[in-house]
Structures are given as structure tokens and as C-alpha cells.
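Colleague: Protein chains in written order, with our numbering: chain A, 5 to 99; chain B, -8 to 462; chain C, 143 to 624.
One should not assume that every hint holds.
With a straight-line cut-off of 25 Å between C-alpha atoms, the simulated DSS-like cross-links for lysine-lysine are [as the list claims (entries may be wrong)]:
#, chain 1, residue 1, chain 2, residue 2
1, B, K371, B, K326
2, B, K70, A, K16
3, B, K70, B, K200
4, B, K177, B, K70
5, B, K446, B, K428
6, A, K16, B, K446
Okay, the calculated beta carbon distance ranges per label pair [unchecked claim]:
#, chain 1, residue 1, chain 2, residue 2, range
7, C, A475, B, A278, 52 to 60 Å
8, C, A507, A, E25, 23 to 31 Å
9, B, A299, A, V62, 46 to 54 Å
Read the hints as simulated data drawn from the structure, not as lab findings. Ideal placement from N, C-alpha and C gives every residue a C-beta, glycine not left out.
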Amino acid sequence: MIDAPEMEHLKKLARLSLTEEETAHLQGDLNRILGYFEKISGLDTDGVEEMPRPVALVNVTRSDEPGDLLSSGDVASVAVERQDGFFRVPRTVDQ
Amino acid sequence: MFRAVIGLEVHLQLSTRTKMFSRCRADYFGEEPNTFTDPLTLGLPGTLPTINREAVELALMFGLALGCDVEGFTQFHRKNYFYPDAPKNYQISQYDRPIARDGHLMVGGRRIGIRRAHLEDDAGKLIHPTYADYSLLDLNRAGMPLIEMVTEPDLGTPEEAREFLHLVRAIAQALGVSDANPEEGKMRCDVNVSLHRPGEPFGTKVEVKNLNSFKSVQRSLEYEIARQTRVLEDGGRVTQDTMGWDEGGQRTFVMRTKEEESDYRYFPEPDLPPLVITPEWVERVRAAMPELPAAKERRLALAGLREADAFTVAYDVELSRFLDEAMTHGADAQKLANWLLGDVTGWLSERGTPLERSRLTPAHLAALVRLVDGAAITGKMAKDLLPEVMEGADPEVLVRERGLAVVTDTAEIEAAVARVVEANPAVVANIRAGNAKAVNALFGQVMRELGGKAKPELVRDLLGARVAVDG
Amino acid sequence: MFESATTLSAAVLRGERRPTDLVEEALSAAEARAHLGALISLVPDAREQAARVEARLAAGETPLLAGVPVVVKDNLNLRGSRTTCGSRILSSYVSPYTATVVRRLQDAGAVIVAKGNMDEFAMGSSNETSAFGPARNPWDVSRVPGGSSGGSAVAVAAGVVPLSLGSDTGGSIRQPAAMTGVYGFKPTYGRVSRYGLVAYASSLDQVGPFARTASDLALSLDAIVGPDDLDATSLDTAPRFREALARDVRGLRFAFVREALAGNTSGVDAAMARTREVLEGLGATVTEVSLPTLEYGVAAYYLVATPEASSNLARYDGMVYGSRAAGVREVNASMSATRGEGFGTEVKRRVLMGTYALSSGYYDAYYSKAMKVRRLVADDLARAFADADVLVTPTSPFPAFRIGERMDDPVAMYAADVDTVIANLAGIPAVSVPAGFETLDGRELPVGVQFLAPALADELLVSVAAAFEAATSGAFLREPPL
Chain A
5 MIDAPEMEHL KKLARLSLTE EETAHLQGDL NRILGYFEKI SGLDTDGVEE MPRPVALVNV
65 TRSDEPGDLL SSGDVASVAV ERQDGFFRVP RTVDQ
Chain B
-8 MFRAVIGLEV HLQLSTRTKM FSRCRADYFG EEPNTFTDPL TLGLPGTLPT INREAVELAL
52 MFGLALGCDV EGFTQFHRKN YFYPDAPKNY QISQYDRPIA RDGHLMVGGR RIGIRRAHLE
112 DDAGKLIHPT YADYSLLDLN RAGMPLIEMV TEPDLGTPEE AREFLHLVRA IAQALGVSDA
172 NPEEGKMRCD VNVSLHRPGE PFGTKVEVKN LNSFKSVQRS LEYEIARQTR VLEDGGRVTQ
232 DTMGWDEGGQ RTFVMRTKEE ESDYRYFPEP DLPPLVITPE WVERVRAAMP ELPAAKERRL
292 ALAGLREADA FTVAYDVELS RFLDEAMTHG ADAQKLANWL LGDVTGWLSE RGTPLERSRL
352 TPAHLAALVR LVDGAAITGK MAKDLLPEVM EGADPEVLVR ERGLAVVTDT AEIEAAVARV
412 VEANPAVVAN IRAGNAKAVN ALFGQVMREL GGKAKPELVR DLLGARVAVD G
Chain C
143 MFESATTLSA AVLRGERRPT DLVEEALSAA EARAHLGALI SLVPDAREQA ARVEARLAAG
203 ETPLLAGVPV VVKDNLNLRG SRTTCGSRIL SSYVSPYTAT VVRRLQDAGA VIVAKGNMDE
263 FAMGSSNETS AFGPARNPWD VSRVPGGSSG GSAVAVAAGV VPLSLGSDTG GSIRQPAAMT
323 GVYGFKPTYG RVSRYGLVAY ASSLDQVGPF ARTASDLALS LDAIVGPDDL DATSLDTAPR
383 FREALARDVR GLRFAFVREA LAGNTSGVDA AMARTREVLE GLGATVTEVS LPTLEYGVAA
443 YYLVATPEAS SNLARYDGMV YGSRAAGVRE VNASMSATRG EGFGTEVKRR VLMGTYALSS
503 GYYDAYYSKA MKVRRLVADD LARAFADADV LVTPTSPFPA FRIGERMDDP VAMYAADVDT
563 VIANLAGIPA VSVPAGFETL DGRELPVGVQ FLAPALADEL LVSVAAAFEA ATSGAFLREP
623 PL
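Please build the complete structure, drawing on both the sequences and the hints.
Modeller: Put into C-alpha cells, the structure is as follows:
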């Protein structure tokens, strides 16, 4: 089950800022939902292969031919904030 | 007392026309920010990745060149982390089934293990203007195809690490996989280094990231080894930090401690079906592979190059291209190498011009070599002509137009010798009396008569014979 | 506008109706039905699109859906239109590109007139989590139309347009179709391109049509089904849906899923019983089959979908596009504030759940386990299809519930998906067919029955829908009392 420190960890991992009330509320929801999902933990899946995709396709690749670039007008139209052609974002420290 | 254990993580930007997962053009270098983007590059809602087959083939070639296993199942995973330079806030990379595994590279006779090489997409570039409360993001580079190669911790010294990188670069360039030049960001390196006493378990490893030249790789390793040695000798413990390299201060500094390590929540990329690399596919790639430096080295040695020269040329893609082309014009390989590695390199480095941007052609250098070899001109004359040949002049044309060809007609030389001997009876008598050195003055006169265009050895022989005979 | 797309496009091709007139009719109907909250925005260039279709007709072209006005769910990109996904975080986002499936509709001569309301980022079963207000069931406006493609379903059910596109990840086309009394079709995973569909859960999402007649299902599927170079998960199949309309179901084997026959309302039970009679009357054989994994489907679905969703929604951080929280100086704080302000509660719930299920230490117990249960469900269905051509279940255990009734209990809301999620998990096609009504509080509410077929047998489901429609004289395809 998810405790308060785990909630804080999840909020940070998911970059979600929540009020204390929201946090408590969602924590309760998540635990209730997890309780409901406990049923699958009882299922025997020994030796069962994971199914990450519903269709068994392989080797889907494309040629190295260029397509269209976005015009600078299009880039400008979606951008939140720009400066000299760059996207301007809040101060970031080098990682 | 302490032994260094070094591992490298190298990122190579691939030489493709389009990005790793979209048809966005890849030739963005030096262009205005955010002008080489498409919906996937920006991470717009609703976009989907598609795998660039050329990138896969380059990765296969690279893996084969490093002796890796490349056959079988391989797939992409999402590596999830939040950072503005990754517009989707995840990178499409490879996790437990990379495209190449378990290879090696011989460095100075030592076997360096290559644990894995995999494909992934690059992030954009962030710049942080000083004193500003914002950062600036350019996504032109976002989505570019990268090979990430990870070695086993088999390297032992900073010099060896640097040599390893040189070899990797040469291979990448020879295969056409990547331009691999750190100056353009096409080859980037992170290092891992720890110290231990032989026989004892490995020590705590420290990572140094974002090294953008081979020199800083070497220097940062030297610094870290010294630093860790001091810590351990003082009885302290090395902490598992992630460091950056301060080029100005020539020191490492802590960027991140272990606690801040990210949980990347890897899961298989649902938008991309996996790849199954068949033996037939591998064979096709192998058959199309350009000559590797090691093979080139052997071939050049067989062609007559000295070991050291064969190595130098084989591991420099521009030198080897030039030499191979020049050899097709029938000039001696070692002599060509002598010119290339000697006077030509000298001329180029004085001007800071790389070989591929000079006007010297392989045909012209070959002609120069043939002219000297065939005794049409002397070595000294060739050196005098070199500056013009470097600027594109054809040495055969120069020799013809200026009548530079050395006099080889013995009769002409004998006539000149005869004239000089006749005109200098006192000197001749002096020589015959035992003063051998006096012949030099006569020699100089004969050469002047011939305009300097005669093989010195021949002149000496004929002069000497004449003086002796007339005695 | 309750004429079918088949009728309208034929009339347009005969020169009897004009695309520009049809657009005006649709826009008037949209306005008249505005109280149903079916639409988030009108497409700015709808009239220009219609004019372009007229020019093509004048040049002698005969496109399949000539002049037909359609609505597409607001998680489908159309260049120049707002694409909000029902979320505040994208409330002003205007697409610079068009989804492949939308482009194919336009290539077929359809005119996109509006973007359909939806649960935020397709997460929901009632269209109540939209940041732009709920959509309402035209049969009883105090009730939900179902979700997450509620708006697209209502647009067709209420006669605004004859055709619309929705998306289906766990039942989000079929369930609102059942609740509003129209057809809703989820194709085999990969038969319709996802390029331009804003992703919720990548291995489960599919785009599909809402329609009021089986022939319109066929028309729309013929227009949109087919491979796409831009979607690496798309299949190289050619559509043959109009051909399938004429095929009868005599001798086909239908199996009713035993586990799905319990726990339904009386109206749903009645519809299932009637469906059985109709099928037998058509010369099909009807049996029962057991799907023991049915009860695990919802849990497996959520523990596969929410991890993928947590990753797909990570991009909404206000750095490059979308909305950004004001006045936050540091980057992580900014992203967190933007997402905290911009996402609704259900989205937050699923993003947190997905993050948890993928996180270090929990991956094996949750995401990995769920992917294995997914394999068990797919195998179970394959086993059932060994002896049956089509499986039958209710689409939903109950008809439309009241707005607000299930919002406080996520588990109760999720349980509504029990019949539909298995098709997404296995990637098989499924269709909801109007099959009856249930009277609640004096109001008739539609009930839908779901038919499932093996992967790639989509055309078979259109044959079934057509046969059922003919056999019942379209008795369940009625106009709501508006």
C-alpha cells in the first residue's frame, strides 16, 4: 500500500503539485483501487510470457528519406514562450 | 599501490540524413535554433516514432566491427525522466536487449571488453545565460540518432583510455557510421573510475560526465585518480558521485550524489515493434562493410609501409583515403607516406588546414614522387616545388614549363666537366697532389654550368673520372 | 439531421444536395443541441472545406463520403483546430498538423465541422471529467452519455452529424454508443492509424466510428482503415467493409459469454435474450462459452493502461507548448505547478497509479504481472474463438447512469468497463449494436449488445450488424425525444 512518503515520492517522479487535501484524497483512492486490483496478484502467471503489444509485428522500419520540416510559423504558433528562436523555459540546472 | 579501473561510455551521433525516429532532416549543425524540427521532435501530442533503418544498419556495422553479437531479438524501451531537453520527457532507448553485445577492441595489445552498444535518440540543447532567471532550449538536435557504447571496466590508465577513444573514432569514421568529432558534439564521453589494491575488490566508482574532448577525458581521469588516491591514503572513503569537469579550473566537481539518482521506470516501447536481426541481415551488412582500420593497417604494411606509418595512416580516415588514391597512380607507398606524414603535414598544420580541405590532390603528390623516383628532379627540387603543388599545381606541368628537368645526358655533363677542368688547371693539379677536397670548387662550377639541374652523384662521378684520367 | 451518411453522400454525388448546405445544416443542428455539451469547438474552416469538396465534385471526382459533415473527438489532431483532449492543459493548443485518420476522412470528401467533447485525455467512462463541462445523454439529459468519447456519440445520436470518430482504449467508443443508442466500432488494433491521435495508452488505443446505420459503419471504415507509414504499429490490411454488408450470418457460430450474463440490469438481460432469438432466427447457431479471465480484465487493463498513460502524458509540462503555470521560477517546480493546475483529478489519479506501477520495486508486481494477465486473457479469447466465430456480451452491465452518480467512487466507475476491456487487451475488433431499451424513471434508455471477433475479422462484425439491423427493421435505431 502507498504511504505518505511514497505519495511524496510519486508526486516528485510524476511532477505533480498537489494540495495536502488532494494528496490525502488521491492516496486513499489509489489504495482502494490497488485493493481492488489485488485480485490479479492471486492469478498464477508462472511461465506466462509478458504481452507488451497486442499484435506480433516485427522489423517495421523506414527509409532514411527526409520529410517536411515544421515551418517557423508553425513552431511559433505552438510555442509557450520564445526568445531569439529558442524556447524560453524556467531556469534549469545542468544535469 | 592503487590500481585504476576505468570504464567508458561513448555516445556517437550517426551520419544519417534523417533523425532516429522521424523523417526530420539531420543536417541541423550550425543552423538557427528550432528550424530543424517536426511534430515528433517537439513532442507534440499525437505523434508516433518510426525506426530509421539506416541507423539500425550503421549500428549493426559498428557492432560487427567491434566483434559484438548482433543477431536475434532487440527492442526499444522508454527511459522516463523529466527534463526540458527531452520534449516527450522520455527517451526512446534500449534496456535489456541492446542491438550489440559482448564485443572487444585491442588497445596496445590489451583486450578491452565492449559490454554493449545500443541505439537511442538524442536530446535538445539547453543554454543558461549568465545571471538570467531562464534557460533557452534548442530542439534541433533532439531526436538525432545515437549509438551509446559501454565498455567493461578494462581500461587501466588515462593514456589507454585516450588511445581507446582514438581507435573508436577511427573505426566509426572508416565505416561511415559517424563523423565522430568531439568538436561538433558527434562523439561524447563519460568516464567511470575507481581505485583498488590489486587482489582486493573494486573500489567505489565515480562518474565524470559531459567530457567533450579526448584531452579532457585523459585530464579528468588523471585528476580523479590523484584525488581518489589522496582520499584513500588519508583513510577516507570515496563517495559514489556524479562529477562534471571544469575545463577552466582543470578539476572535477560534484554534480549529483547517489540519492538523487533517477528511477527511469523503463518499459518496452509500445509504439515500436521489436527487431529480429536475422543471419541473412547480418551477412548483408557484413558484405557491405567498408575496410576497417586494422585490415587497412595490414594491407599498407604489405604494400611496404613501415609499421608505425601503416598504423598512423590506417587509423586516420583522411590520410588513408588520400594514400590509397595516390597509390593508384603508381607511386611508391612508403615514399608517399614519407611526404604525407612529413612535409605535407607540416605545411598543413602551419596553416591550420585539414588535408581534405587543401588543394593537394593524390594524383599530384603521386606525380611528385614519381618525378623524384625517376630522377627527373632531385629531392631538393621537389621540396622547393611543394608549396605550389600544395596550392593545386601539377608538378609535371611545372617541371615541363620551367625546364626544370634534371640533366641526365652524360655527354652534356661530360662536356661541362671538360670545360671546367680545362679552365682550372691549378685546381686540378692541387687535387692530383692529394688535396681531394679541392674538387668541391670544381663541382660547384660544373653544377653552375648546368644550371644546378644535374644529379650530384653523376657529376661527382664524371668529374672524378676526368680528373683522374687527365692525370 | 438524421439522414445517414450513405444517403447524404449519394445525394451529393447525384447533385441533389450541396456540401456547403450540409455544413450549414450541421452547424445549425449543433447550435440547437448545444445544451447537450457534445462539442468543444467548431472547426474554423468547415465552410472552406465544403467549398473545396464542391470544387472536387465539379472536377468530376466521386469521393466516398462526399460532403458528409462529421465530428471528430477532440483528441484527434486537425491542423488549425483546437485540440484540447478535454483538458485545461491544452485548452488553447491549436494543431499544426492533421491526424492520418482525419486526413483520410477529408480525402474521402467528408467535412470536419467540430471537435467532440470527451473525458479528459480519454480517461473516463462518462464524459464527466472534461474540463469543458459534461456531455449529456440525449435520451435523458440528467444522465451521462458514456465515455470517454461521449461528445462524438452524442453528436451522432442527437442528429448533429451522421458520422463521428471516437477513440477506444477500454471501451470508450462502444460504451457511449450503447448508452446513446448508436453503433460504435473498435477495429482490430493496427487497422486504423494512430498517427495524430493523442495517446492515452499506446498498446490499447484505437480510433473508430460512431454511426446510425450499418451501411454508414461500412462506409466510414472503408475510408479510414489501412496501413500508415507514420504508425509503426499499423497493419497492412485493405478494407472490405461495404462488400461485407451483403453477407448473411446463416451458419455462423455465436457464443454468449457466460460470465458476462450475470450482474446486469433487467433491460440488459432482456436485450441479450432478444439478441439470441434474432440470431437464431437468422440461421446462426448460438451457444454459451466460458471466459474465466473476464473478471481479471479490468485490473489488467488499468495496470497496463495507466503506466503507458503516465509516460504518454509526461510531455504536458508547459515547456514547449500547451499552458504553463504563471510565475514559477525553477523548472521542476514549474512543471509540477503546470501539471497540478492543468490536469483534472481522474488524470492525476491515473498518472500516479501508472507511475507507481512502473516504479522501482513495483514493476514486477504490477506492470509485468498485468502484461502476463493480458496474455492469459488473449489466450482465453483465442480458445473461445476455436469453436465460435463471434462472441456476444452486453456492452455495459447497465444503461446510462445519472451525472455525478459514480464520480466519487473510481472503483465503481472502472467496473463499468468489465465487458469491453478484453477486446483492447487482446487487440481484437468489437462493435456495440443498439439492441433494446430499458425504462428508468419513466425514461427510455438505450441498451447495446457487443459482438467480438478474432483479430482481422472486422468485416465479419459489419456483416453481423447489418444482418441484425435488417432482422429487427432498425427498431433500436431511433431518434431520441429531443
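Colleague: Next step is simple, just say for each hint if it's right about the structure.
Modeller: The hints, checked one at a time:
1. Proximity of K371 (chain B) to K326 (chain B) is assessed by CA-CA distance (about 14 Å); at most 25 Å being required, the pair is judged to hold.
2. Restraint check for K70 (chain B) and K16 (chain A): satisfied, since their Cα atoms lie roughly 16 Å apart, inside the 25 Å limit.
3. Distance restraint check for K70 (chain B) and K200 (chain B): the Cα-Cα separation of roughly 19 Å lies within the 25 Å cut-off, and the hinted pair is therefore satisfied.
4. At most 25 Å may separate the alpha-carbon atoms for a hinted pair to count; K177 (chain B) and K70 (chain B) meet this at roughly 22 Å.
5. The hinted pair formed by K446 (chain B) and K428 (chain B) meets the criterion: a straight-line CA distance of about 19 Å does not exceed 25 Å.
6. Restraint check for K16 (chain A) and K446 (chain B): the C-alpha separation of about 83 Å exceeds 25 Å, so the hint is violated.
7. For the pair A475 (chain C) and A278 (chain B), the supplied restraint of 52 to 60 Å holds, since their beta-carbon distance comes to about 55 Å.
8. The hinted window of 23 to 31 Å between A507 (chain C) and E25 (chain A) holds, with their beta carbons roughly 29 Å apart.
9. Distance hint check for A299 (chain B) and V62 (chain A): the Cβ-Cβ separation is about 48 Å, which falls inside the suggested range of 46 to 54 Å.
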